[in-house]
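Q: As a plain string of letters, each chain reads:
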Amino acid sequence: MQALLTKLDLAKFPFTTEASEYIKSFNIEPVELARPELLPILERAIDRIKQGVFSGKISAELTQEDVDILAYPTALMLISVIGDDRARRRFALAEAKRAYQLLRDELPEKLLQVSRGSFGWDARIDDRDVGDSHFEFALHFEDYVRNSARIRDLRWKLVNRVLSEGYALLPREDFARLLEEEVQARVLDRTSITGLAVPPELEKYVDPLRSIIRARSQYLAADEMPRAVMAAAMPPCMRNLLSLLQTSKHISHMGRFAMAAFLLNIGTSEEELLKMFKSFTDFEERIARYQVEHIAGKRGSRRKYTAPNCNTMRTHGLCVNPDELCATITHPLTYYRRKARTLFRGRRQRNFSSRRRE
Amino acid sequence: MKGKFLEYYRRKLASLRPPSAMTEREFGFLLFRERIMVRHKAFRDFKVFTDSLLSLVPSDVYYSTAYYRQPDLDMDQKGWLGSDVVFDVDADHIDTPCKETHDMWACPKCKETRRGKKPTKCPKCGNEKIEEKAWLCDRCLIAAKEEVLKLVELLAEDFGIRSEQMHLFFSGHRGYHLHLVSDKLKTLDDVQRKEIVDYVIGLGLDPAEQGLYQGPQDLFLENGHSVVIGPQLTDPGWRGRLAKGVYRIITELDQKQLIELGFRRGAALQIINEREQIENEWSKKILWSSFQDKWGITDQIWRNVIEKALTMMALPAKIDTVVTTDIHRLIRMPETLNGKTGLKAAMVGLDRLEEFDPFSEPAVFEGTQTIRVMEAPQLRIRDQTFGPFSDEKVELPLSAAVLLVAKGVAMPES
Ligand code: SF4
Ligand SMILES: [Zn+2]
Ligand SMILES: [Zn+2]
Numbered sequence: 035m036q037a038l039l040t041k042l043d044l045a046k047f048p049f050t051t052e053a054s055e056y057i058k059s060f061n062i063e064p065v066e067l068a069r070p071e072l073l074p075i076l077e078r079a080i081d082r083i084k085q086g087v088f089s090g091k092i093s094a095e096l097t098q099e100d101v102d103i104l105a106y107p108t109a110l111m112l113i114s115v116i117g118d119d120r121a122r123r124r125f126a127l128a129e130a131k132r133a134y135q136l137l138r139d140e141l142p143e144k145l146l147q148v149s150r151g152s153f154g155w156d157a158r159i160d161d162r163d164v165g166d167s168h169f170e171f172a173l174h175f176e177d178y179v180r181n182s183a184r185i186r187d188l189r190w191k192l193v194n195r196v197l198s199e200g201y202a203l204l205p206r207e208d209f210a211r212l213l214e215e216e217v218q219a220r221v222l223d224r225t226s227i228t229g230l231a232v233p234p235e236l237e238k239y240v241d242p243l244r245s246i247i248r249a250r251s252q253y254l255a256a257d258e259m260p261r262a263v264m265a266a267a268m269p270p271c272m273r274n275l276l277s278l279l280q281t282s283k284h285i286s287h288m289g290r291f292a293m294a295a296f297l298l299n300i301g302t303s304e305e306e307l308l309k310m311f312k313s314f315t316d317f318e319e320r321i322a323r324y325q326v327e328h329i330a331g332k333r334g335s336r337r338k339y340t341a342p343n344c345n346t347m348r349t350h351g352l353c354v355n356p357d358e359l360c361a362t363i364t365h366p367l368t369y370y371r372r373k374a375r376t377l378f379r380g381r382r383q384r385n386f387s388s389r390r391r392e
Numbered sequence: 127m128k129g130k131f132l133e134y135y136r137r138k139l140a141s142l143r144p145p146s147a148m149t150e151r152e153f154g155f156l157l158f159r160e161r162i163m164v165r166h167k168a169f170r171d172f173k174v175f176t177d178s179l180l181s182l183v184p185s186d187v188y189y190s191t192a193y194y195r196q197p198d199l200d201m202d203q204k205g206w207l208g209s210d211v212v213f214d215v216d217a218d219h220i221d222t223p224c225k226e227t228h229d230m231w232a233c234p235k236c237k238e239t240r241r242g243k244k245p246t247k248c249p250k251c252g253n254e255k256i257e258e259k260a261w262l263c264d265r266c267l268i269a270a271k272e273e274v275l276k277l278v279e280l281l282a283e284d285f286g287i288r289s290e291q292m293h294l295f296f297s298g299h300r301g302y303h304l305h306l307v308s309d310k311l312k313t314l315d316d317v318q319r320k321e322i323v324d325y326v327i328g329l330g331l332d333p334a335e336q337g338l339y340q341g342p343q344d345l346f347l348e349n350g351h352s353v354v355i356g357p358q359l360t361d362p363g364w365r366g367r368l369a370k371g372v373y374r375i376i377t378e379l380d381q382k383q384l385i386e387l388g389f390r391r392g393a394a395l396q397i398i399n400e401r402e403q404i405e406n407e408w409s410k411k412i413l414w415s416s417f418q419d420k421w422g423i424t425d426q427i428w429r430n431v432i433e434k435a436l437t438m439m440a441l442p443a444k445i446d447t448v449v450t451t452d453i454h455r456l457i458r459m460p461e462t463l464n465g466k467t468g469l470k471a472a473m474v475g476l477d478r479l480e481e482f483d484p485f486s487e488p489a490v491f492e493g494t495q496t497i498r499v500m501e502a503p504q505l506r507i508r509d510q511t512f513g514p515f516s517d518e519k520v521e522l523p524l525s526a527a528v529l530l531v532a533k534g535v536a537m538p539e540s
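As they're listed, the protein sequences go chains U and G.
Take 35 as the starting number for the first sequence in the numbering used here and just add one per residue.
Take 127 as the starting number for the second sequence in the numbering used here and just add one per residue.
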């Protein structure tokens with residue numbers, strides 16, 4: 035039996051195929067959105083983006099069905115033209131979370147309709163008890179892994195599911211959670227063409243939105259520690275290892291491990307790290323790459339390594355010239371974070387004061 | 127060898143079949159003399175392929191499990207369209223006891239050669255690059271076959287793969303290749319494929335997620351034991367499989383094996399004595415809690431039992447999972463000869479896997495040949511066994527002779 039989606043459903047689930055058909059029938063051009071009678075749509079779209087980007091949550095509350103439905107593609111269009119990738123991802127996640135919240139509470143027939151009709155899932159309602167677990171859905175394992183492989187938690191591994199003749203048995207919660215993954219992927223896909231021009235009629239509305247989003251992004255980017263701070267915030271032990279590396283002196287295995295793990299831990303990319311290793315030593319690239327990938331958790335045990343603590347560093351004779359800050363910490367990473375924060379705070383304050391003077 | 131291969135391909139050309147979607151696959155030929163792989167080959171039609179086969183006469187023929195828009199371009203320009211899911215079940219990844227007696231290794235530096243598993247470095251000169259000389263034997267191949275049967279059953283029951291979607295081949299050496307041909311699975315990426323592999327080898331399995339866990343403490347029980355909730359034999363997927371594993375442990379293991387799992391001597395003996403009754407009861411319903419209480423199963427024993435059940439029911443964790451997850455893999459082309467043995471990578475119908483004999487049909491050469499054998503364990507071709515050999519001149523059926531020469535333990539005598 036096929037459950038038809040009502041107009042209320044379309045407002046709840048504007049990402050569905052049915053909703054986009056409905057939206058098409060309005061035949062609204064972006065330029066027209068500035069017209070007074072369509073302005074509520076534009077405003078609702080802007081609101082949707084603000085909620086998504088700033089609080090990470092888009093309210094599941096509905097106002098006026100047609101406005102809600104049309105606000106969705108409008109929001110996608112706006113987030114595309116704004117072209118801020120960080121905001122775009124956050125918005126997609128928020129849309130997906132909103133969908134999950136609403137889907138969780140729907141009747142199984144409706145979830146099934148959305149999953150099949152809009153995402154082409156091979157799924158059915160199963161209503162089966164296995165032991166003391168109750169499963170409402172059966173989903174083909176291929177659709178299952180396509181969506182679950184992105185979820186980190188172990189219970190989402192296929193091996194932790196009940197598979198029966200090609201279908202994973204799922205409770206409603208989990209079925210809805212996998213749909214969330216689809217929604218997120220769809221929003222990202224529909225907004226992937228960035229840098230489109232804004233129709234001049236809309237500039238008045240888009241520009242303020244863009245500037246607050248940009249300000250937020252800059253603020254967050256700043257929090258991710260500028261590179262310049264990095265060198266100055268290094269603890270003495272790491273500074274020592276780095277200088278050994280730069281002068282091509284011998285470094286013990288433990289020393290190499292500590293340095294590589296530390297640098298990866300503070301956000302150096304594998305490529306950068308490899309470049310450093312390569313340019314200063316006669317490491318064979320293959321071996322260096324293997325070691326780096328191992329420490330980064332891509333090989334072997336697949337576990338990410340944390341740099342050793344001060345005690346271990348001391349045991350291996352790697353704690354060299356500790357300073358006053360060292361006396362207050364037990365881990366080189368703590369040293370780095372503290373120092374970086376002090377240095378950084380200083381810098382930001384200077385920035386603000388200089389701006390004020392302008 | 128090359129001459130014999132050529133002769134064979136000439137004779138059997140008509141029986142060679144192009145793989146599905148041949149024009150979308152990349153081919154690779156390993157050359158006899160040069161020992162290099164000619165890759166990135168693509169063929170518009172099968173005639174062109176067989177012409178190349180006859181003119182190059184490679185020792186091994188490979189094709190990609192992947193489909194490409196332009197298979198003959200460089201890897202990053204090929205345009206990946208999808209890829210078959212392939213499992214490689216090889217005796218190399220199964221611990222068989224006979225390996226100690228027939229596998230050999232050689233140190234290329236000091237020429238030390240010994241029997242047994244390859245060490246990490248040469249005990250004589252310390253060299254770390256050691257050549258493995260894996261032998262192929264009946265017992266190893268039977269062990270591989272058992273794993274294949276397990277895999278096929280699991281793929282059918284849990285994954286709903288139909289038998290016509292599973293194409294099984296003998297590798298021509300120490301194992302089997304199972305190809306799954308399915309449009310749905312074709313476009314899975316490496317991470318998604320890994321999920322399938324992990325399922326098959328039971329990696330990351332959490333017993334609680336499969337319905338086996340300690341329930342809340344039962345306040346009315348004097349001994350304070352908690353209740354155990356567990357799956358039943360007929361449950362689908364890993365639940366049933368886990369139950370079957372524990373069932374087999376209790377009904378099949380001998381006393382020594384039970385003690386190894388942590389059971390006390392007395393308990394182990396009692397389990398063995400009461401087997402018939404347990405089998406009877408359990409085939410109806412497994413009473414997990416009374417099982418725990420009766421045999422005094424501690425958390426440690428539970429862990430051991432579950433671990434053991436997993437290894438019995440899953441494929442060995444050492445199967446070459448890379449073959450399955452690598453979406454650009456080249457794999458031996460079915461029905462061609464394996465340069466390491468001269469045996470044919472024969473197609474094996476799933477319905478006759480039980481009786482398939484890797485030393486009969488794949489032994490394709492006719493006639494005899496005199497060779498000088500340096501050192502080799504026993505081998506069998508069809509129903510005749512030969513050897514072991516130690517520095518001797520013998521006349522052998524051609525298939526046996528080719529195998530020994532290909533293995534590098536013999537030289538043709540003219
Ligand atoms: S005390 Fe810790 S952070 Fe400071 S130098 Fe020694 S190891 Fe490094
Ligand atoms: Zn040696
Ligand atoms: Zn063997």
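It is worth saying that the hints were derived from the structure and are not from the lab.
Keep in mind the model is a prediction, meaning the values are calculated, not measured.
One or more of the hints may lead you astray.
Below are the EDC-like pairs computed for lysine to aspartate or glutamate, each with C-alpha atoms no more than 16 Å apart in a straight line [what the hints assert, rightly or not]: (1) 310/G / 305/U; (2) 271/G / 214/G; (3) 271/G / 221/G; (4) 434/G / 386/G; (5) 259/G / 218/G; (6) 320/G / 52/U; (7) 84/U / 140/U; (8) 271/G / 400/G; (9) 310/G / 166/U; (10) 244/G / 218/G; (11) 312/G / 77/U; (12) 373/U / 357/U; (13) 238/U / 77/U; (14) 320/G / 119/U; (15) 247/G / 258/G; (16) 244/G / 258/G; (17) 411/G / 177/U; (18) 411/G / 425/G; (19) 310/G / 177/U; (20) 420/G / 446/G; (21) 225/G / 214/G; (22) 271/G / 433/G; (23) 167/G / 202/G; (24) 312/G / 166/U.
Here are a few chain U residues that sit away from chain G, every Cβ distance over 12 Å (derived from the structure) [stated by the list, open to error]: (25) 74; (26) 100; (27) 111; (28) 117; (29) 180; (30) 182; (31) 190; (32) 198; (33) 252; (34) 270; (35) 303.
What follows is a list of derived Cβ distance ranges for each label pair [unchecked claim]: (36) 351/U / 235/G: 26 to 36 Å; (37) 234/G / 306/U: 54 to 64 Å; (38) 313/G / 304/U: 48 to 58 Å; (39) 309/G / 119/U: 45 to 55 Å; (40) 186/U / 180/G: 51 to 61 Å.
Heads up, the beta-carbon is just placed ideally off N, CA and C, and yes, glycines get one too.
Q: Give a verdict on every hint.
A: Status of each hint after checking the structure:
no.: 1; hint: 310/G / 305/U; in the structure: violated (35 Å)
no.: 2; hint: 271/G / 214/G; in the structure: holds (11 Å)
no.: 3; hint: 271/G / 221/G; in the structure: holds (14 Å)
no.: 4; hint: 434/G / 386/G; in the structure: holds (10 Å)
no.: 5; hint: 259/G / 218/G; in the structure: holds (11 Å)
no.: 6; hint: 320/G / 52/U; in the structure: violated (34 Å)
no.: 7; hint: 84/U / 140/U; in the structure: violated (27 Å)
no.: 8; hint: 271/G / 400/G; in the structure: violated (33 Å)
no.: 9; hint: 310/G / 166/U; in the structure: violated (32 Å)
no.: 10; hint: 244/G / 218/G; in the structure: holds (12 Å)
no.: 11; hint: 312/G / 77/U; in the structure: violated (44 Å)
no.: 12; hint: 373/U / 357/U; in the structure: holds (12 Å)
no.: 13; hint: 238/U / 77/U; in the structure: holds (12 Å)
no.: 14; hint: 320/G / 119/U; in the structure: violated (29 Å)
no.: 15; hint: 247/G / 258/G; in the structure: holds (12 Å)
no.: 16; hint: 244/G / 258/G; in the structure: holds (6 Å)
no.: 17; hint: 411/G / 177/U; in the structure: violated (33 Å)
no.: 18; hint: 411/G / 425/G; in the structure: violated (22 Å)
no.: 19; hint: 310/G / 177/U; in the structure: holds (9 Å)
no.: 20; hint: 420/G / 446/G; in the structure: violated (41 Å)
no.: 21; hint: 225/G / 214/G; in the structure: violated (19 Å)
no.: 22; hint: 271/G / 433/G; in the structure: violated (23 Å)
no.: 23; hint: 167/G / 202/G; in the structure: holds (15 Å)
no.: 24; hint: 312/G / 166/U; in the structure: violated (35 Å)
no.: 25; hint: 74; in the structure: holds (42 Å)
no.: 26; hint: 100; in the structure: holds (37 Å)
no.: 27; hint: 111; in the structure: holds (29 Å)
no.: 28; hint: 117; in the structure: holds (27 Å)
no.: 29; hint: 180; in the structure: violated (6 Å)
no.: 30; hint: 182; in the structure: violated (7 Å)
no.: 31; hint: 190; in the structure: violated (9 Å)
no.: 32; hint: 198; in the structure: violated (3 Å)
no.: 33; hint: 252; in the structure: holds (33 Å)
no.: 34; hint: 270; in the structure: holds (37 Å)
no.: 35; hint: 303; in the structure: holds (20 Å)
no.: 36; hint: 351/U / 235/G: 26 to 36 Å; in the structure: holds (35 Å)
no.: 37; hint: 234/G / 306/U: 54 to 64 Å; in the structure: violated (38 Å)
no.: 38; hint: 313/G / 304/U: 48 to 58 Å; in the structure: violated (27 Å)
no.: 39; hint: 309/G / 119/U: 45 to 55 Å; in the structure: violated (34 Å)
no.: 40; hint: 186/U / 180/G: 51 to 61 Å; in the structure: holds (52 Å)
Of the numbered hints given earlier, the model fails hints 1, 6, 7, 8, 9, 11, 14, 17, 18, 20, 21, 22, 24, 29, 30, 31, 32, 37, 38, 39; all others are met.
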